[in-house]
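*Asks:* Chain by chain, the residues:
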Amino acid sequence: MGKRVLITGLATFWGGLLAQALEKDPAVDVIVGLDTREPDIALERTEYVRTDENYSILSRIVRAARIDTIVHTFLVVDSTQMRPKTMHEINVIGTMNLFAAASTSGSTVRDVVVKSSSYVYGSAIEDPVWFSEDMSRNHPPRRGVERSLDSVEGYVRDFAIDNPHVNVTLLRFSNVLGPDIVTPVSRALELPLVPKILGYNPRFQFVHEDDVVRSILFVLANELPGIYNVAGDGLLPWTEVARLAGKRTISLPPFGTSYAAQPLRMLGRELPDELLDLLRYGRGIDNRRLKNAGFRYRYTSAGAVKAFVEALRLRSTVGSNEPTYRYASDVEQFFRHSPSVVRDSE
Amino acid sequence: MPIAHRSERPGTIAAMANGDAGDDRENPEPAATVVESPEILTTSDGDLIPDAGLTADQRHTALVPMPRQDASDLDDGELTDPRLSDVDEWGRSERMRAISRRVYEPLYKHWFRAEWEGLEKIPTEGGALLVSNHAAAIPSDAPVIMHGIETELRRPVYGLADHLFKSLPVVGVMWSRVGGVVAHPDNAYRLLREQKQLVLVFPEGSKGPAKHYNQRYRLRRFGRGGFVEIAMRAGVPVIPIAVVGAEESMPIVYKNNSIAKALGIPYFPITANQLVFGPVLGAVAYFPAKIKLRVLDPITFDVPPDQERYSKSRIMDESERIREKIQEALYDMLRDRRSVWFG
Chain A
9 MGKRVLITGL
19 ATFWGGLLAQ
29 ALEKDPAVDV
39 IVGLDTREPD
49 IALERTEYVR
59 TDENYSILSR
69 IVRAARIDTI
79 VHTFLVVDST
89 QMRPKTMHEI
99 NVIGTMNLFA
109 AASTSGSTVR
119 DVVVKSSSYV
129 YGSAIEDPVW
139 FSEDMSRNHP
149 PRRGVERSLD
159 SVEGYVRDFA
169 IDNPHVNVTL
179 LRFSNVLGPD
189 IVTPVSRALE
199 LPLVPKILGY
209 NPRFQFVHED
219 DVVRSILFVL
229 ANELPGIYNV
239 AGDGLLPWTE
249 VARLAGKRTI
259 SLPPFGTSYA
269 AQPLRMLGRE
279 LPDELLDLLR
289 YGRGIDNRRL
299 KNAGFRYRYT
309 SAGAVKAFVE
319 ALRLRSTVGS
329 NEPTYRYASD
339 VEQFFRHSPS
349 VVRDSE
Chain B
14 MPIAHRSERP
24 GTIAAMANGD
34 AGDDRENPEP
44 AATVVESPEI
54 LTTSDGDLIP
64 DAGLTADQRH
74 TALVPMPRQD
84 ASDLDDGELT
94 DPRLSDVDEW
104 GRSERMRAIS
114 RRVYEPLYKH
124 WFRAEWEGLE
134 KIPTEGGALL
144 VSNHAAAIPS
154 DAPVIMHGIE
164 TELRRPVYGL
174 ADHLFKSLPV
184 VGVMWSRVGG
194 VVAHPDNAYR
204 LLREQKQLVL
214 VFPEGSKGPA
224 KHYNQRYRLR
234 RFGRGGFVEI
244 AMRAGVPVIP
254 IAVVGAEESM
264 PIVYKNNSIA
274 KALGIPYFPI
284 TANQLVFGPV
294 LGAVAYFPAK
304 IKLRVLDPIT
314 FDVPPDQERY
324 SKSRIMDESE
334 RIREKIQEAL
344 YDMLRDRRSV
354 WFG
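Sequence lines, in order, name chains A and B. The first sequence: position 346 = 354 (this note's numbering), numbered continuously. The second sequence: position 325 = 338 (this note's numbering), numbered continuously.
Extracted from the complex, chain A is given alone in its bound form (with noise of 0.2 Å):
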């Protein structure tokens, strides 16, 4: 019998991602894909399902479709795209009623996958190089993003704790980058001129956004239980970064940071607190635990931005990468469902 996947934030980017990757795998019976509002791309065979974002009929979901396996991918790292209370709705309360869902007598969940950030490590002077997944970060956390994060994986763990049957893995991720995917990082680096703050160069780390999806189909195909931490090699300095892109920086003064960053946010480029820490003591993450378990990265940190700038470059060419089909649920429902549909796995 094969896999019956719940993906939680279908219409974001990684929901979206993730549900085509798994569309073609013949392992995977069932793909129900739960968001707010309706997903853009392209979907074959996966059931969109509009929920709020704190998922009260989740239970009845889970039980219904059998679901084995679940994909939170709907946690929100961009604390520029919405207000903090929003954030928490989604990241808190909504982490919270998932797994009461998942967890209710005679639950058929067994295989649980989040998607976290290396945000919850922080990002301190006092902080070793190298983080690894057995750390704690050295203050309690104090950025909304952090916050929430921690709240996660809180539950994360008192959900592992309490369903030991259930392989729960947690993943967590670098700053992002690739062709397609949008973040502060990716935004600051669009500008003309590269934000930095004046006297700091600290060292970043990324992982390519394929990277990421591939991760989690890893996981989801081996089993992994326990914390992985997902980030290409190498770090680099964020001058660096910024000489990659091919852009000059501007500095910003060492003190009173984010009131000087404030014209940014007018701009629509916002640089998040959580990421001001970030451009004066950096951080790095230890990926080798994941790459023991037999996972292999496509790109490295410096690979990730590579492929980045030259997507930016393409784009700034050619016009945006979008592609030319909408997405439009009366015509999903025909591919869905109807019988002039020629279907492989049929």
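What you were told as hints is all true, and nothing was included just to trick you.
Quick partial rundown of chain B residues pointing at chain A, CB under 7 Å, derived from the structure:
(1) 92
(2) 94
(3) 96
(4) 97
(5) 98
(6) 100
(7) 102
(8) 176
(9) 179
(10) 180
(11) 182
(12) 183
(13) 186
(14) 197
(15) 200
Heads up, simulated EDC-like pairs for lysine to aspartate or glutamate below, C-alpha to C-alpha not over 16 Å straight-line:
(16) B:134 to B:165
(17) A:299 to B:91
(18) A:314 to B:94
Far from chain A by the CB rule (all over 12 Å, computed), these chain B residues:
(19) 110
(20) 116
(21) 281
(22) 293
(23) 296
(24) 345
Hints listed in this document are in silico derivations from the structure and should not be mistaken for laboratory results. Please read all numbers here as calculations on a predicted model, not as lab measurements. A virtual CB, placed ideally from N, CA and C, is assigned to each residue, including glycine.
Given chain A, put chain B in place with the hints provided.
*Replies:* Below, chain B alone, put in the same frame as chain A:
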């Protein structure tokens, strides 16, 4: 679509028929391959059936105008790493280090006239933890030791120091580029055990440089013995180094604790240099004290590496033993010293 040549691999034909020739899927992952046998693709007379055997993704990639560039082949082993600088994971740059060595050489040779004894005791390969006494308001011993070993032995030295350095703008970056690393046990372990590097540490910490001139050459407490524990865990020898002369290069004549507290720094000194050279130049200019360095015999611990815990009493004993050895060597060197300036 015309097919340029017929390949044996059905996957290739399918991909090209789909206008996706850029991605020729030489080593498709199992999940992506649904095409199983060549029979599906060709009729009896060898013509291609255009849409047969296409996987779901191949069909809708046809809808996307710009094909995603596929990553370099997995079986290559080596990933391309398009770096532009030579800054390593610790922040050290050999290029910056070479520049700073060129700048520092005259100071090392003609100002401090550094003189080594027993340099051959430092191994030319393999990890080792160098441990030394620490002195002067702005310690002059660290650059002398690092410069000396790098020029004589031609191998890098990483200097562990308080994270205070990292928090200072400009200084923190420079410090890191020339080999400074935050003194975190995990950093030290990786450098020593995994990368087999030379690591320099001052177990006295800031208590060494912060001492008053009349306390010179009296070693402070060696922290809590953390350096011994790291050497044990990393399975590397500890090599003690006794330094004479640094104390007199920038002696502290007065300390103000309340200013230090207000600035958040370990000590706020008035140095003899400031009395002589004035408050500004004196804050950075050293006296030309003759610096002599003596490398003592390496100390190895007969304990297995990578243990979870080591006996605390053993650690403290070893730490105290190393401290005594350096202290004795200092007294011995001072007995022979005729002049602060000429050795």
